[in-house]
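Quick note on numbering: the sequence shown equals residues 1 to 77 in the working numbering.
Heads up, some of the hints might be wrong.
Derived Cβ-Cβ restraints for the label pairs, each shown as a range [stated by the list, open to error]:
no.: 1; residue 1: 5; residue 2: 31; range: 14 to 24 Å
no.: 2; residue 1: 65; residue 2: 11; range: 31 to 41 Å
no.: 3; residue 1: 31; residue 2: 2; range: 17 to 27 Å
Below 20 Å or equal to it, Euclidean Cα-Cα: the simulated DMTMM-like pairs (lysine to aspartate or glutamate) are [what the hints assert, rightly or not]:
no.: 4; residue 1: 63; residue 2: 41
no.: 5; residue 1: 63; residue 2: 52
no.: 6; residue 1: 63; residue 2: 31
no.: 7; residue 1: 70; residue 2: 33
no.: 8; residue 1: 63; residue 2: 5
no.: 9; residue 1: 70; residue 2: 5
no.: 10; residue 1: 70; residue 2: 31
Hints listed in this document are in silico derivations from the structure and should not be mistaken for laboratory results. Cβ coordinates follow ideal geometry from the N, Cα and C atoms, glycine included.
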Amino acid sequence: MTLYEFNMLELNNRMEAVNQYGTFLDNHISDTERCNLYAIDMFWVEVVYNIETNSLTDINSFKTGYLLDKYSNLNIF
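Put together the whole structure using the sequences plus the hints.
In structure tokens:
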């Protein structure tokens with residue numbers, strides 16, 4: 001599956017693709033949300049959940065960029 005094919009899917013189908021093809025790598029928990037990072041082929045997928053309602057709020061897909069920063073072990077800030 002390519003990034004373009006993934007982005008063409010509806011939200012529920014994106015989550016199904018993450019469950020079927022994704023490899024869980026890491027998570028990040030803040031005061032308001034929980035983010036899980038997955039790898040699918042040659043791109044990353046971030047699944048974002050609202051902590052208070054325990055509901056899916058967003059699915060971000062990307063190849064590079066600042067969204068990966070929160071999963072780094074480097075504390076540069």
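Results of checking the hints against the structure:
1. 5 with 31: 14 to 24 Å: 34 Å, violated
2. 65 with 11: 31 to 41 Å: 21 Å Cβ-Cβ, so the 31 to 41 Å window is violated.
3. 31 with 2: 17 to 27 Å: 35 Å, violated
4. 63 with 41: 10 Å, holds
5. 63 with 52: With Cα atoms ~29 Å apart, residue 63 and residue 52 exceed 20 Å; violated.
6. 63 with 31: 26 Å, violated
7. 70 with 33: Cα-Cα ~13 Å, so holds.
8. 63 with 5: Status holds; Cα separation ~14 Å.
9. 70 with 5: The hint is violated at about 26 Å.
10. 70 with 31: Holds, at about 14 Å.
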